[in-house]
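Q: One letter stands for each residue in the lines below.
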Amino acid sequence: AQSVTQLGSHVSVSEGALVLLRCNYSSSVPPYLFWYVQYPNQGLQLLLKYTSAATLVKGINGFEAEFKKSETSFHLTKPSAHMSDAAEYFCAVSKETSGSRLTFGEGTQLTVNP
Amino acid sequence: EAGVVQSPRYKIIEKKQPVAFWCNPISGHNTLYWYLQNLGQGPELLIRYENEEAVDDSQLPKDRFSAERLKGVDSTLKIQPAELGDSAVYLCASSYSQGVTGELFFGEGSRLTVL
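Protein chains in written order, with this note's numbering: chain A, 1 to 114; chain B, 1001 to 1115.
Please note that the accuracy of each hint is not assured.
What the hints assert, rightly or not - Ranges of calculated distance between the beta carbons of each label pair, as one might list FRET restraints:
(1) N41/A / R1064/B: 25 to 35 Å
(2) K1016/B / G62/A: 32 to 42 Å
(3) A1/A / K1078/B: 22 to 32 Å
Treat the hints as calculated values from the structure; they're not laboratory data.
Because the structure is a prediction, the values reported are computed rather than measured.
The C-beta atom is built at its ideal place from N, Cα and C for all residues, glycine as well.
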């Protein structure tokens, strides 16, 4: 069975600082990994996905993530945080690129301080 | 292009009452999902439809939950009777089954409070 663990339910950074949200996965088969973002009172939106092509994946809004098989990690980063990045971020894993059965982590709430 | 539309956005009911949620997916999306999101947790899949067929309902508590997707477009999720523990956000999502982008498009959710 696939699962993901997000380290840190709350992360707080200053505007302009590096954003690092951690995700580790467990999978018996090569996984497909996703990061979704949820703004308050809105649905989830796909940020980026890893589907066994390039290990460094670039997404929307300046976010990127690197797939590291040796560390079973897929951490999300952004060089410089913006106030508008404040949201909840979910890491998810699927056996299939279609994402037909996504397993989500518990989420990390990102706060950006002025 | 209109996104996934869900209604109602908020619903407050007393325990043992029935409740229903409606979802209209993005036009042309033949795969539809219902997810349950408890406070402070990630979404959990309840049921997935390919057109009008429920292809994955293993996590749906069938004693009180039911869902349907008539004509392979809109879908309804029903709870009867509701329990206190059902208070949560119910998310609907849709995607192309033949697509390989792994992108699910989510609605804004229906927040249920059971008193």
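Q: If a hint holds in the structure, say so; if it does not, say that too.
A: Evaluated hints:
1. N41/A / R1064/B: 25 to 35 Å: holds (27 Å)
2. K1016/B / G62/A: 32 to 42 Å: violated (49 Å)
3. A1/A / K1078/B: 22 to 32 Å: holds (29 Å)
Of the numbered hints given earlier, the model fails hint 2 alone.
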